[in-house]
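2 protein chains.
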Amino acid sequence: MFDIPEGMIYLNGNSLGPMPKEAPSAINAFLIDEWRTELVKGWNTKNWFIKSNLLGDRIGSLMGAINGTTVVGDTLSIKVFQAVAAGLAMAPKRRVILSDNGNFPTDLYMVEGLINLRNAGYTLRTPNPEDVYSQITDEVAVLMITEVDYRNSRKHDMKALIAKAHSVGATVVWDMAHSIGALPIDVTDTNTDFAVGCTYKYLNGGPGAPAFIYVAPRLLDTVEPALSGWFAHEAPFAFDLGFRPMPGKIDRMRIGTQSIAAFTLLETALDIWDDVNLYDVRSKSIELSEFFISQVEAKCQGLTLISPRDPNQRGSHVAFQFENGYECMQALIAQGVIGDFRAPDVMRFGITPLFINLDDIEKAVTVLSNILNDKIWNKPEFHNRSLVT
Amino acid sequence: MFDIPEGMIYLNGNSLGPMPKEAPSAINAFLIDEWRTELVKGWNTKNWFIKSNLLGDRIGSLMGAINGTTVVGDTLSIKVFQAVAAGLAMAPKRRVILSDNGNFPTDLYMVEGLINLRNAGYTLRTPNPEDVYSQITDEVAVLMITEVDYRNSRKHDMKALIAKAHSVGATVVWDMAHSIGALPIDVTDTNTDFAVGCTYKYLNGGPGAPAFIYVAPRLLDTVEPALSGWFAHEAPFAFDLGFRPMPGKIDRMRIGTQSIAAFTLLETALDIWDDVNLYDVRSKSIELSEFFISQVEAKCQGLTLISPRDPNQRGSHVAFQFENGYECMQALIAQGVIGDFRAPDVMRFGITPLFINLDDIEKAVTVLSNILNDKIWNKPEFHNRSLVT
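Residue numbers (the numbering used here), protein chains in the order written: chain B, -13 to 375; chain G, -13 to 375.
Dumping the calculated DSS-like pairs for lysine-lysine here, alpha-carbon to alpha-carbon at most 30 Å:
1. B:Lys32 <-> G:Lys7
2. G:Lys235 <-> G:Lys32
3. G:Lys365 <-> G:Lys349
4. B:Lys349 <-> G:Lys32
5. B:Lys27 <-> G:Lys365
6. B:Lys32 <-> G:Lys365
7. B:Lys365 <-> G:Lys27
8. G:Lys27 <-> B:Lys270
9. B:Lys270 <-> B:Lys349
10. G:Lys349 <-> G:Lys361
11. G:Lys27 <-> B:Lys349
Label pairs and their calculated CB-CB ranges:
12. B:Ser269 <-> G:Pro78: 50 to 60 Å
13. G:Leu344 <-> B:Val262: 51 to 61 Å
14. B:Leu291 <-> G:Asp226: 17 to 27 Å
15. B:Asn114 <-> G:Pro170: 55 to 65 Å
16. G:Lys349 <-> B:Val262: 49 to 59 Å
17. G:Asn114 <-> B:Ala221: 14 to 24 Å
18. B:Asp261 <-> G:Phe277: 49 to 59 Å
19. G:Ala106 <-> B:Asn33: 32 to 42 Å
20. G:Glu125 <-> B:Glu220: 28 to 38 Å
21. G:Ala329 <-> B:Ile36: 19 to 29 Å
22. G:Val262 <-> B:Asn114: 52 to 62 Å
With the Cβ distance kept under 7 Å, some of the chain G side facing chain B (calculated, not the full set):
23. Trp21
24. Tyr95
25. Glu98
26. Pro193
27. Ser214
28. Phe229
What the hints contain is simulated information worked out from the structure, not anything from laboratory work. Think of the CB as a built atom: it goes at the ideal place given N, C-alpha and C, for glycine as much as any other residue.
Just chain B, same shape as in the assembly (with noise of 0.2 Å):
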């Protein structure tokens, strides 16, 4: 299914997933069939016109959604402020954007660059991820809420907090970024307003592979695409000077013209989902992280787990805490045990079943323990060693 190196333990797919193995033939015929072959004609007779659709509709699949409400294309940082936008466009009045201090940065980064450009008197509040139920308000035009923490995985009850959004009015902006491939999530049972999320985690898309967007379709005939590129006009090819969004549509919130190399990775990546099911994926991923834990707190002093010990409140990967974190993670992956590390102190491991089993969680906590034992940074030849990861 993956093409992963011999011998290498790779407990972070929740940061880049790993290469399928019909990635190089897939870019390949890409290239030489689509490109070299068809050129310009290709965005007709290879459906490049509409691939961010039909790549849409099969992530839309993994998340509960219909088809025709998910689009592919840019990065998650511009899907997250096509959807902010479109959200405070939905609440003219109101004046707050609450998140929490757990989301990933660029998703507050994103809204303060939107705050400053409508100029506006919006304030984004980031409480911690505890508060936020409390604080959603009726001052409140959208929730933007990452459901997984990209650090500790600590989860968001996302229904429950969708449903006490919209008693009070407020949109919801749901960041899948640590959740699509990882855990079941339906935006159609939470009746989710906005989903985002990337696809070069769990869904092992590639390096910057494209982004995608929901919306729902109640929303469909009314959202402000904020980011009207061509691609969202009703009528591209008309090259009319003025905009006109798309109605009803999802391609409303297509923005401009987008990699097709990048598009043919993410397929390829997709058909490994085709035989998958995403409650075997959770539950496999819960055994795994379970005895990771159980084996980590057995056998490796100093390491304090700092994700929840539910794994009900858990995203996919695990979290210690240790203070020699830094080195340790180092020593860790010069040994094909590849984890990351997010400063000060924070070790990550991601588990992802469909190319980690407990043999393989066993072997790391192994290297790992005997890592530790032996203090191997307190030992001159691991600092003569390049290890800059």
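Position chain G against the provided structure of chain B, taking the given hints into account.
The following block gives chain G in isolation, referenced to the frame of chain B:
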């Protein structure tokens, strides 16, 4: 240099450039040696994190920009938005954005969206191209101009427009979509404020290849990113809650995580330009275009040149009006001569000296002339064929 199907005469490099011969091996090396092998470490070990800058500098060298003033990423629509928003921030009391009705529509659409977001009484003016110069007044905050008209190839005098704009305190956004790789351009000599462009036309980066943005060095300390993603932050990996734009560097115009596959294809395409002199490209393009026009006018009755007759007033494509232009273009394409058609009656032909020579032009005119003599669209077999492009 390029892999073009045998027998095809490709006169559409102004829309989508052909595939460089090295593209398949380059992308395969990226997949196998970078994504597969390095996985998340590639952001450092393979320079993914700074590739937007490395490629930006290489594009900068094609337009007289010094290193550190150009970055690659996103789409041209997004980069237009960023540049115009930044220009508006520099003239907070002015309320006019001046463009023209020959601009490519997505530029106008993005500005329309920006005006809606700002909601502060801005006006977009789109006079005829020949009236732009006289409409540059001290009301104008930003002059947004695409140098070469995508339809008829008419070329603005950017140096004169920029000088006049500066004399009244306006900022200029120069869209180089049909300039970069086709014309010797110089952002330094012209004292350009902002330049943006795409890389899938004359630069041959592939369908939907990333865009670029240039910002004058004198503006880099203060320019507002507008779309302020984490790649623009002074310290992206500090994960601060507040946005601090990278001081004094073009990095502040980066936004989110970009497709490294798309960057790899562009990198390969840019290798070709290392050995190319743009003055030579331009003089060869003029020679080929003059020959094409003279041959069409001598041999192809019914076609009327709508591009400027003076080659110094044209970009690198040539357009003719013809009442049966649609059918004629279908017939040309069916016979391997690829141009394109713009409603209602315009036939466009891109003249790209890197892969088109006098012999190609002569053959193309012969095919065109035969189609016209035959009035092929009056024959039943023409309509029985599938000729959709």
